[in-house]
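Peer 1: Each chain is listed here by its residues.
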Amino acid sequence: MKRLSDFSWERYSALGEADKAECLSRPDGMPFHTIFAGQFGRAQLDRLCDAATQIRTIAKTRAGTEFLRGLLFHKRAMIYFTQPSSRTFLSFLSACQILGISTGEVRDASVSSEFKGESREDSIRTFSSYFDLIVMRTQEKGLAERMAWSLSQSKRPVPIVNAGSGKDQHPTQALLDIYTLRRSFERRGGLEGRTVVYVGDLARGRTVRSLARLLTNYAGIRHVFVAPPQLAIGDDVLAMVRAAGQEAVTSTDMAAWLPEADAVYMTRIQDEWDESAGESARIDTSRFKIGTDEMRRMRPGAILMHPLPRRDEIAPEVDSDPRAMYWRQVRNGMWIRTALIASTFDCLSRVGEYWRDNLQ
Amino acid sequence: MKRLSDFSWERYSALGEADKAECLSRPDGMPFHTIFAGQFGRAQLDRLCDAATQIRTIAKTRAGTEFLRGLLFHKRAMIYFTQPSSRTFLSFLSACQILGISTGEVRDASVSSEFKGESREDSIRTFSSYFDLIVMRTQEKGLAERMAWSLSQSKRPVPIVNAGSGKDQHPTQALLDIYTLRRSFERRGGLEGRTVVYVGDLARGRTVRSLARLLTNYAGIRHVFVAPPQLAIGDDVLAMVRAAGQEAVTSTDMAAWLPEADAVYMTRIQDEWDESAGESARIDTSRFKIGTDEMRRMRPGAILMHPLPRRDEIAPEVDSDPRAMYWRQVRNGMWIRTALIASTFDCLSRVGEYWRDNLQ
Amino acid sequence: MKRLSDFSWERYSALGEADKAECLSRPDGMPFHTIFAGQFGRAQLDRLCDAATQIRTIAKTRAGTEFLRGLLFHKRAMIYFTQPSSRTFLSFLSACQILGISTGEVRDASVSSEFKGESREDSIRTFSSYFDLIVMRTQEKGLAERMAWSLSQSKRPVPIVNAGSGKDQHPTQALLDIYTLRRSFERRGGLEGRTVVYVGDLARGRTVRSLARLLTNYAGIRHVFVAPPQLAIGDDVLAMVRAAGQEAVTSTDMAAWLPEADAVYMTRIQDEWDESAGESARIDTSRFKIGTDEMRRMRPGAILMHPLPRRDEIAPEVDSDPRAMYWRQVRNGMWIRTALIASTFDCLSRVGEYWRDNLQ
Numbered sequence: 001m002k003r004l005s006d007f008s009w010e011r012y013s014a015l016g017e018a019d020k021a022e023c024l025s026r027p028d029g030m031p032f033h034t035i036f037a038g039q040f041g042r043a044q045l046d047r048l049c050d051a052a053t054q055i056r057t058i059a060k061t062r063a064g065t066e067f068l069r070g071l072l073f074h075k076r077a078m079i080y081f082t083q084p085s086s087r088t089f090l091s092f093l094s095a096c097q098i099l100g101i102s103t104g105e106v107r108d109a110s111v112s113s114e115f116k117g118e119s120r121e122d123s124i125r126t127f128s129s130y131f132d133l134i135v136m137r138t139q140e141k142g143l144a145e146r147m148a149w150s151l152s153q154s155k156r157p158v159p160i161v162n163a164g165s166g167k168d169q170h171p172t173q174a175l176l177d178i179y180t181l182r183r184s185f186e187r188r189g190g191l192e193g194r195t196v197v198y199v200g201d202l203a204r205g206r207t208v209r210s211l212a213r214l215l216t217n218y219a220g221i222r223h224v225f226v227a228p229p230q231l232a233i234g235d236d237v238l239a240m241v242r243a244a245g246q247e248a249v250t251s252t253d254m255a256a257w258l259p260e261a262d263a264v265y266m267t268r269i270q271d272e273w274d275e276s277a278g279e280s281a282r283i284d285t286s287r288f289k290i291g292t293d294e295m296r297r298m299r300p301g302a303i304l305m306h307p308l309p310r311r312d313e314i315a316p317e318v319d320s321d322p323r324a325m326y327w328r329q330v331r332n333g334m335w336i337r338t339a340l341i342a343s344t345f346d347c348l349s350r351v352g353e354y355w356r357d358n359l360q
Numbered sequence: 001m002k003r004l005s006d007f008s009w010e011r012y013s014a015l016g017e018a019d020k021a022e023c024l025s026r027p028d029g030m031p032f033h034t035i036f037a038g039q040f041g042r043a044q045l046d047r048l049c050d051a052a053t054q055i056r057t058i059a060k061t062r063a064g065t066e067f068l069r070g071l072l073f074h075k076r077a078m079i080y081f082t083q084p085s086s087r088t089f090l091s092f093l094s095a096c097q098i099l100g101i102s103t104g105e106v107r108d109a110s111v112s113s114e115f116k117g118e119s120r121e122d123s124i125r126t127f128s129s130y131f132d133l134i135v136m137r138t139q140e141k142g143l144a145e146r147m148a149w150s151l152s153q154s155k156r157p158v159p160i161v162n163a164g165s166g167k168d169q170h171p172t173q174a175l176l177d178i179y180t181l182r183r184s185f186e187r188r189g190g191l192e193g194r195t196v197v198y199v200g201d202l203a204r205g206r207t208v209r210s211l212a213r214l215l216t217n218y219a220g221i222r223h224v225f226v227a228p229p230q231l232a233i234g235d236d237v238l239a240m241v242r243a244a245g246q247e248a249v250t251s252t253d254m255a256a257w258l259p260e261a262d263a264v265y266m267t268r269i270q271d272e273w274d275e276s277a278g279e280s281a282r283i284d285t286s287r288f289k290i291g292t293d294e295m296r297r298m299r300p301g302a303i304l305m306h307p308l309p310r311r312d313e314i315a316p317e318v319d320s321d322p323r324a325m326y327w328r329q330v331r332n333g334m335w336i337r338t339a340l341i342a343s344t345f346d347c348l349s350r351v352g353e354y355w356r357d358n359l360q
Numbered sequence: 001m002k003r004l005s006d007f008s009w010e011r012y013s014a015l016g017e018a019d020k021a022e023c024l025s026r027p028d029g030m031p032f033h034t035i036f037a038g039q040f041g042r043a044q045l046d047r048l049c050d051a052a053t054q055i056r057t058i059a060k061t062r063a064g065t066e067f068l069r070g071l072l073f074h075k076r077a078m079i080y081f082t083q084p085s086s087r088t089f090l091s092f093l094s095a096c097q098i099l100g101i102s103t104g105e106v107r108d109a110s111v112s113s114e115f116k117g118e119s120r121e122d123s124i125r126t127f128s129s130y131f132d133l134i135v136m137r138t139q140e141k142g143l144a145e146r147m148a149w150s151l152s153q154s155k156r157p158v159p160i161v162n163a164g165s166g167k168d169q170h171p172t173q174a175l176l177d178i179y180t181l182r183r184s185f186e187r188r189g190g191l192e193g194r195t196v197v198y199v200g201d202l203a204r205g206r207t208v209r210s211l212a213r214l215l216t217n218y219a220g221i222r223h224v225f226v227a228p229p230q231l232a233i234g235d236d237v238l239a240m241v242r243a244a245g246q247e248a249v250t251s252t253d254m255a256a257w258l259p260e261a262d263a264v265y266m267t268r269i270q271d272e273w274d275e276s277a278g279e280s281a282r283i284d285t286s287r288f289k290i291g292t293d294e295m296r297r298m299r300p301g302a303i304l305m306h307p308l309p310r311r312d313e314i315a316p317e318v319d320s321d322p323r324a325m326y327w328r329q330v331r332n333g334m335w336i337r338t339a340l341i342a343s344t345f346d347c348l349s350r351v352g353e354y355w356r357d358n359l360q
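Residue numbers (my numbering), protein chains in the order written: chain C, 1 to 360; chain Y, 1 to 360; chain X, 1 to 360.
No wet-lab data here; the hints were simulated from the structure. Some clues are possibly wrong.
Identical copies carry no separate label here, and so any pair may be met within one copy or between two of them.
Straight-line C-alpha distance at most 25 Å; calculated DMTMM-like pairs for lysine to aspartate or glutamate [to be verified]:
hint : residue 1 : residue 2
1    : Lys141    : Asp312
2    : Lys155    : Glu186
3    : Lys60     : Asp346
4    : Lys60     : Glu317
5    : Lys141    : Asp346
6    : Lys289    : Glu17
7    : Lys155    : Asp284
8    : Lys155    : Asp253
9    : Lys60     : Glu22
10   : Lys155    : Asp132
11   : Lys141    : Asp28
12   : Lys141    : Glu17
13   : Lys155    : Glu313
14   : Lys289    : Asp46
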């Protein structure tokens with residue numbers, strides 16, 4: 001098995017995705033570091049989703065909550081966010097608290113030492129001295145991966161969880177999206193063969209990129225990418241889907257595809273990534289919004305998802321439609337991150353045992 | 001019994017205070033949501049004050065501290081403050097920690113998703129996915145109440161505690177003020193029939209408004225509102241006191257009223273609410289300050305209160321006077337908020353049992 | 001024994017260091033308040049260093065971690081930083097979490113009440129109402145000491161730990177530096193008689209001042225202060241070292257002294273203390289940096305330390321040299337602060353007992 005600490009940064013960077021995934025994993029195949037969505041194959045996804053469901057069931061009782069908090073009370077985690085995000089931050093914080101893990105945090109680059117000229121590598125290496133896990137969200141592409149490698153060379157090679165790096169990777173969002181899709185269809189024939197329609201800012205949204213990647217683990221998914229021309233999905237994503245043997249369709253006509261969808265995945269126009277001011281605002285997005293009219297075009301058994309936060313792309317009146325899943329996504333996010341952290345510390349067997357002994 | 005989830009926002013908003021209070025309560029009459037001071041009648045005040053005293057006594061022993069932390073270790077609270085306030089924030093944080101509740105926090109609107117255009121309702125609904133209780137302080141009048149209603153319509157109708165909304169409501173400050181008054185007079189004939197002299201910025205201070213409201217639960221209180229003319233108490237407060245059958249007096253002469261007071265409640269000029277810059281600074285406040293001379297005019301058994309923070313309206317030399325209660329108010333605030341949160345999770349019976357079994 | 005509460009501020013301020021240290025201590029000689037490095041004599045340093053080593057050993061097992069967290073689970077600490085510093089902040093946070101202490105924090109003056117005109121004394125007195133310990137870092141020289149005195153006059157005289165005040169004192173950094181030096185030389189003849197070469201911004205760095213002071217507790221240390229002329233060590237430090245009977249040398253030639261050093265203590269140019277913009281940038285610091293060439297000039301058994309954060313004064317290539325101790329300093333800082341806090345709450349005997357019963 002390939003080990004991360006055996007590679008120089010140059011040789012590691014040149015590896016293909018599968019070899020990188022091996023470097024970032026434990027011998028049992030579950031990730032040690034969670035860096036990019038492609039690390040998760042079907043086996044890992046099933047194991048994490050099952051664990052998330054066991055954990056949420058265990059947490060319904062006081063005794064179960066006590067068990068969960070006793071799993072990792074002796075561990076401490078750093079939640080290091082230099083990009084603002086209450087949602088993802090609090091989701092990870094909740095996951096840690098459920099497992100009894102104490103936390104330290106940075107939620108804003110300016111309160112740190114960095115203004116004194118310290119490099120990010122030094123900052124993160126300092127955190128590894130104090131904590132057993134680092135959950136990080138930063139603007140710089142690839143920083144989480146680089147830190148995982150850097151720490152593997154040190155005496156404190158703690159696991160890293162990428163909570164969103166730059167414009168390209170947000171693996172745990174993809175995990176919660178998969179978990180939500182699985183739960184929505186598990187008693188209705190499963191996720192295989194479904195049509196997933198992604199809508200909105202597909203050029204810049206990292207959630208769509210990661211979700212499409214993970215969906216290639218389920219047979220027969222048809223991926224439909226619907227966006228204004230200026231925000232169309234990148235060719236690399238289309239290539240990745242097709243290389244996995246799945247159908248990838250592009251369109252600018254959301255209304256036409258709504259009746260075909262098993263799942264509609266709405267996204268927000270990510271104007272914080274605009275290269276020039278007001279760039280996004282000039283795009284006509286009126287035909288890429290969901291209101292009650294659009295919900296009428298969708299199948300009764302379809303679901304509507306959104307990674308949140310939303311602006312006007314889903315009208316608040318839609319919230320009470322039983323097919324609206326986005327608030328459930330939030331809750332699922334907490335449980336799947338709890339499962340991921342428990343897995344990172346190799347606790348899933350104990351979780352499974354407790355569930356079988358007490359709740360099955 | 002009226003239930004919040006049975007009402008549309010428009011119908012709820014049109015209800016009178018008593019009906020609103022019922023919507024916000026549990027069947028046992030104690031609040032589920034804590035939104036405005038008027039929810040607390042004499043029975044609720046007595047129950048909370050007794051609980052606060054039991055809790056502070058229990059917390060004096062290591063075993064008692066362990067019991068308290070075991071009450072709600074399985075619960076998690078969000079402390080959401082978009083208005084800066086270390087004092088109130090830390091008071092609620094302390095209350096949660098005493099009860100074993102893990103916390104997440106937002107202490108500044110700018111670290112949240114909101115800059116991405118998310119509505120406050122969506123933010124708070126997200127928090128309800130992660131937490132079992134939301135304690136909130138915001139600039140917008142009525143937001144806490146609206147969120148309580150909004151969550152009652154959702155699958156996660158968690159309780160809300162209003163830690164201060166806009167310029168009008170700060171119910172837990174009123175609770176700690178009542179608790180302080182009760183404790184100060186409990187071995188000296190009680191709170192009934194006392195003269196309470198409020199001094200300072202009575203136009204804009206929300207603490208005076210809420211305290212006067214709660215004091216109408218005690219028979220025979222005489223309320224004296226002393227302020228510079230530009231900061232005089234609002235007519236609505238005078239009307240509320242008189243409608244409750246109590247005496248309300250207004251004056252601009254603090255010196256004349258000091259010898260009549262059982263309790264003097266000083267307030268700070270709230271210039272953060274100025275409509276134009278420097279508006280408050282032009283008011284002559286020299287005759288509305290307390291120093292050692294003013295303390296000499298007060299009765300030996302009188303007390304001096306202040307919600308803090310203070311600027312120059314109480315001189316530091318006064319701190320060592322045994323009648324200065326404001327530091328005790330801070331401590332009482334922590335205990336009464338602990339009692340309130342324990343009550344919100346329906347734990348007061350267990351607290352009372354422990355106290356009777358171990359400490360009475 | 002002198003007691004802090006017996007003195008007025010004026011009389012206390014006029015005391016010599018030894019008398020001040022007595023006022024700040026417990027009857028057993030260990031500090032109650034940790035304000036300045038000079039409070040620690042050899043006996044206190046040995047006791048703390050031994051405790052830090054016991055604690056880190058105990059923490060290697062799950063049962064040991066549970067024991068440590070049970071020591072002070074009933075206590076609560078305020079970490080009050082108005083100067084940004086993630087490293088020191090997280091170090092203290094970690095120390096508290098290891099001991100089970102719940103924490104509240106302020107990491108930025110602007111989120112507090114202070115903008116409303118409250119004095120720092122009032123803020124800190126409020127914290128003492130909620131917490132059992134205050135760890136503080138502020139810009140104002142002497143504030144921690146003044147607060148210790150101020151609280152001693154109140155009903156809640158909680159202990160204060162100075163996490164760095166102004167430009168002059170940073171006692172816990174000195175403790176971790178001493179601990180690092182002790183551990184590095186303990187199996188090689190000890191710390192006595194060693195040559196310590198301090199390099200860099202010696203005029204403004206408070207860590208050098210405090211470390212030199214503590215090193216005078218070890219016989220025969222030779223202190224060599226190497227700096228650009230504009231950043232030379234203050235005469236008061238030279239006088240303090242010589243008054244303790246130790247050799248103090250000044251030099252501008254780092255290269256000449258590297259082969260003589262047992263320990264090289266590098267520091268960063270502290271431009272945040274510049275009196276005029278760009279003042280430091282005009283100083284030639286090229287001969288005061290450590291790279292692999294410089295490491296070759298150092299003895300095999302020497303060590304290289306740095307309080308961090310670093311900029312370019314130590315090249316990253318040096319990190320893998322076994323003599324580079326600065327990452328170990330970070331870890332040692334967490335353990336020594338844990339020992340200090342345990343000591344502040346008089347727990348060192350229990351720690352020692354557990355260690356002897358389970359791990360010796």
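Peer 1: Would you list, in rising numerical order, the hints stated earlier that this structure does not obey?
Peer 2: The structure breaks hints 4, 5, 6, 7, 8, 9, 11 and 14; every other hint is satisfied.
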